[in-house]
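Could you put together the complete structure from these sequences and hints?
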Amino acid sequence: MKIDFKKVSHQEKTFDLEVNSVKFCGTFGKIPSNLVNVKLLFEGFIEVLCCKCGIYFNTFAKEENIFLLSDGAYSSNNDKNLDIIIEVDNGVIDFEEIFKSELESFKSEYHVCDQCK
Numbered sequence: 001m002k003i004d005f006k007k008v009s010h011q012e013k014t015f016d017l018e019v020n021s022v023k024f025c026g027t028f029g030k031i032p033s034n035l036v037n038v039k040l041l042f043e044g045f046i047e048v049l050c051c052k053c054g055i056y057f058n059t060f061a062k063e064e065n066i067f068l069l070s071d072g073a074y075s076s077n078n079d080k081n082l083d084i085i086i087e088v089d090n091g092v093i094d095f096e097e098i099f100k101s102e103l104e105s106f107k108s109e110y111h112v113c114d115q116c117k
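Mapping the sequence shown onto this note's numbering, position 56 (from 1) lands on 56, and the numbers just tick up by one.
Any given hint might turn out to be false.
Derived lysine-lysine pairs resembling DSSO-like cross-links, with alpha carbons at most 27 Å apart [said to hold, decoys possible]:
1) Lys-52 to Lys-100
2) Lys-52 to Lys-2
3) Lys-7 to Lys-23
4) Lys-52 to Lys-107
Just so you know, the hints here were simulated from the structure itself, not pulled from any lab data.
See below:
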């Protein structure tokens with residue numbers, strides 16, 4: 001699902017997408033300061049690597065994330081802004097690519113299989 005950054009409205013829209021058998025759903029909408037606010041819930045079984053024994057296993061993930069999208073480089077004079085900012089380079093928001101990145105981020109965390117617990 002790709003959307004031109006300039007066409008995102010201030011009214012929140014919903015999305016529902018499946019990537020690698022993991023369901024992604026949530027809302028997105030433009031907020032002041034020319035950013036897009038994304039509220040994301042993903043859930044499903046994901047193959048991860050046990051950090052103790054090195055065996056791949058499936059684990060159920062259910063996570064909520066909130067982040068902002070910026071059209072190009074983002075700079076802020078407010079250093080206290082701790083929001084996650086994803087910079088969109090070509091003016092097109094590619095939700096599938098963002099979700100794949102979220103999956104890879106989850107996979108890179110430390111996971112322990114049932115045998116090693």
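Comparing the hints with the structure gives:
1. Between Lys-52 and Lys-100 the CA atoms are separated by roughly 25 Å; this keeps the pair inside 27 Å, and the hint holds.
2. Of the pairs offered as hints, the one joining Lys-52 and Lys-2 is violated, with about 38 Å between alpha carbons and a cut-off of 27 Å exceeded.
3. Taking the CA atoms of Lys-7 and Lys-23, the gap is about 25 Å. The hint holds against a cut of 27 Å.
4. Between Lys-52 and Lys-107 the CA atoms are separated by roughly 15 Å; this keeps the pair inside 27 Å, and the hint holds.
Comparing the model with each numbered hint stated earlier shows that hint 2 is the single one that does not hold.
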